[in-house]
Structures are given as C-alpha cells and as structure tokens.
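Chemist: Just so you know, the sequences run in chain order A and B.
Under the UniProt record's numbering, read the first sequence as residues 1 to 205, first letter to last.
Under the UniProt record's numbering, read the second sequence as residues 1 to 205, first letter to last.
Don't read these hints as lab results, they were simulated from the structure.
Do not rely on the hints blindly, as some may be mistaken.
One copy or any two copies: either way a pair holds, since identical chains are not told apart in the list.
[Unchecked claim] Straight-line alpha carbon distances no greater than 20 Å define the calculated EDC-like cross-link-like pairs of lysine to aspartate or glutamate that follow: (1) LYS81 to ASP17; (2) LYS40 to GLU5; (3) LYS2 to GLU190; (4) LYS40 to GLU142.
The lines below spell out each chain.
Protein chains: 2
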Amino acid sequence: MKALEERIRQEGQILSDTVLKVDSFLNHQVDTALALEIGKEFARLFGSAPITKVLTIEASGIQFAMATAIALGVPFIYAKKKKAITLNEQVYFAEVHSFTRQETYQVSISQKYLHASDHVLIVDDFLATGAALVGLTDIVKEAGAELAGVGCVIEKSFQEGRGLLEQRGIAVRSLARIASMAPGEVHFIEEAGAVIPPVKENVGC
Amino acid sequence: MKALEERIRQEGQILSDTVLKVDSFLNHQVDTALALEIGKEFARLFGSAPITKVLTIEASGIQFAMATAIALGVPFIYAKKKKAITLNEQVYFAEVHSFTRQETYQVSISQKYLHASDHVLIVDDFLATGAALVGLTDIVKEAGAELAGVGCVIEKSFQEGRGLLEQRGIAVRSLARIASMAPGEVHFIEEAGAVIPPVKENVGC
C-alpha cells in the first residue's frame with residue numbers, strides 16, 4: 001500500500017534495526033482517514049471469503065479491526081490481554097510471550113463470541129515475531145471456526161512471524177513489508193499481496 | 001440514545017448493583033454499526049466546538065474515539081496505560097487509581113501530539129468514578145489545550161464521576177445514564193443531553 005509506505009518513510013522513527021515507531025499516525029495518535037483506507041484494503045484482499053467477524057488483540061489492533069469491520073459490514077472482537085474482573089465466564093485463551101516487553105501474558109476471548117460457524121479474519125498493527133498472532137490463530141482453531149487469514153498493517157519481514165504463520169498454512173497479507181531498516185533508512189519488499197481467492201469456489205478444484 | 005438503552009436492556013448483564021457487562025456489543029465484541037452511531041451522536045452533541053482532536057484511553061475507549069473522529073473528520077489519540085518501551089520522548093502523564101481492578105497506573109500521552117492550539121473532545125466507554133477521565137482532563141489542561149467536553153457511552157450516575165468533572169466546569173454528555181441497577185433491572189435517567197453551544201459565538205455574551 002503505497003500511501004502507507006510513503007507515510008512510514010516520512011513519519012516513521014527508526015530507533016534501531018528492529019524498532020520502528022509509528023505513533024504519530026498509527027498507534028498512539030491515529031490518522032482516522034488512513035486507518036479507514038487500511039480497513040478497505042484488508043476488505044479488498046480478504047473480502048472474497050465469507051467473513052463473519054474480524055478479530056484482533058487490544059489495544060493497537062482495535063482501530064484497524066474496526067476499520068476492516070466497517071468495510072466488511074461485520075462486528076469485530078478484541079482479545080483481552082489479561083483476565084478482566086468482569087470476564088468470569090468460559091474463555092478461550094493462549095499464552096503469548098512479548099519479546100519487546102520481555103513478559104508473558106495471556107490473551108483471552110469469551111467463548112460466547114466465537115463459534116464453529118464463524119469465518120474469521122485476524123488483523124493487527126504489526127507482524128514481527130508473530131507470537132500474539134499465532135496465539136489468536138490457535139484460539140480460532142480451538143473454537144472450530146474458519147480462518148480466512150491474517151492481515152497486518154506493517155510486517156517486519158526480517159523477523160520470523162510470517163514464516164510461523166505460513167508453516168501453519170495461513171494466508172498472510174501485510175500492507176507494508178519491511179525488508180530491512182536502520183536509523184534514517186527503510187527498505188520495503190516491493191510485492192503486491194494477491195487478493196485471497198474465494199474459499200467456497202475452490203472446493204473440489 | 002434510545003437504541004443504546006434498548007441494547008443495554010436486552011444484552012447488558014448486571015452482575016451486581018455496580019457492575020454492568022456490555023461485552024457482547026461494546027467492549028469485547030463490538031457492534032461496528034452501533035459504534036458508528038455513537039460516534040455520530042457525540043459529533044452532534046459536541047460538534048459546534050471547533051474540535052481538532054478526539055482523546056481517549058486504551059483499550060475500550062478506542063472504538064468510540066475512532067467513531068467520533070470519523071464523524072468529525074479529525075485524528076484521535078489514545079493515552080497509554082503504561083510507559084511503552086518505544087515511548088521514550090517527553091510525555092504528559094497522570095496517576096489513575098482503578099477501583100475495579102484495585103490498582104494504580106499511569107496514563108501517558110506524548111507531548112508531540114497535544115498542543116495549546118488543540119480543541120479536544122474526550123470520549124470513553126464508561127463514566128463511573130471518573131478517575132481515568134479526570135486524569136485525561138488534567139493532561140489536556142497541562143498541555144494548555146481547550147477542552148470541548150467529555151462524552152461517555154454509559155454513565156453510572158449513582159457514582160461520583162460526573163460530579164467530579166462538573167465541579168471542574170467540564171461539560172459532560174453521556175448517551176445512556178444509569179440511575180440505578182440490580183440483577184435483572186436497570187433504570188435510566190430520562191434526560192436528553194443538550195447540544196453543547198458553539199464556544200466562539202459565546203465569547204462576550
């Protein structure tokens with residue numbers, strides 16, 4: 001997504017060869033118009049699948065899950081990062097280790113909101129180690145729901161996240177794929193993500 | 001907002017006389033269409049002021065700040081609940097005590113994204129003790145920005161939050177005001193919030 005890559009070049013702050021800060025427009029202050037465009041692009045890439053719910057993880061995935069859910073006309077769910085005091089019913093959960101924060105936390109989703117009949121699109125702001133996203137895909141599998149794929153706004157392609165998801169047969173689409181970066185420079189993988197083909201029509205081909 | 005009150009009656013789970021769970025449509029699974037309507041209603045109530053930014057706090061305020069920002073055509077900011085590893089520049093911060101979780105945390109906003117020239121509308125999902133919202137209004141004041149008011153989706157009017165904000169001269173509008181509740185019943189304050197008058201036109205009146 002060219003507008004996104006351009007914005008990363010202009011406003012992204014590269015603090016090291018692994019840390020990119022985009023909090024002026026994506027995950028602290030949010031450019032609402034850009035977020036809506038991002039949602040439309042995910043809907044274009046995955047919208048052939050009969051998606052019933054968009055799934056993300058609090059907090060910085062929420063704006064992109066919401067934008068995608070608006071474009072698709074469906075509800076979204078955000079997984080909670082710790083067991084809330086009022087979340088006392090049955091939950092699906094997964095353990096996630098954050099390498100950035102050097103801590104392990106639990107992500108949970110109420111079993112009431114994810115069913116075997118759901119077709120789920122997972123959306124998040126960053127794909128790096130893939131730890132949180134693998135946890136979410138495990139939850140979708142445990143619920144018996146269909147996973148349309150994983151859409152990420154920014155992918156650090158030099159980290160292992162995409163590989164971990166693709167090993168599990170999951171379709172991954174990222175709107176800006178960073179091949180490498182260093183303070184003052186960022187290199188993108190120039191590769192348009194293909195539209196995910198309709199799931200139903202492929203049966204029996 | 002009648003549609004919201006109706007939804008609370010239908011789907012809200014009242015766990016005690018102070019705990020209301022609305023995670024089937026507001027703050028875990030999110031009804032995207034309803035969230036957009038909520039944003040339009042905040043824009044109607046506060047839109048006469050020349051708002052430049054919507055401000056909220058992660059995580060469950062994000063969907064309503066985004067909906068309001070969409071309706072107003074402005075960016076939004078979400079305050080972080082702990083100092084992030086990449087948030088190393090100057091921040092505004094406030095200490096907040098959560099009575100629900102019995103813990104004190106810090107909310108912070110990068111000084112880069114809130115300026116004296118900003119007109120800020122604060123939006124959140126719940127107004128109860130008002131602790132988090134008072135913290136946000138302190139930050140807006142510290143930044144020297146103009147505060148258009150505070151918009152809350154659900155207000156527990158039997159708690160002290162509204163009073164604390166109004167004592168500070170802040171305009172508060174809540175879309176569903178709960179007078180009292182108990183398992184199986186909820187009573188709303190039947191009072192339409194008036195549209196906030198334009199700030200500029202009032203000068204000198």
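Chemist: Decide, hint by hint, whether the structure agrees.
Modeler: Checked hints:
no. : hint            : verdict
1   : LYS81 to ASP17  : neither (27 Å within a copy, 26 Å between copies)
2   : LYS40 to GLU5   : within (16 Å within a copy, 31 Å between copies)
3   : LYS2 to GLU190  : within (10 Å within a copy, 49 Å between copies)
4   : LYS40 to GLU142 : neither (28 Å within a copy, 37 Å between copies)
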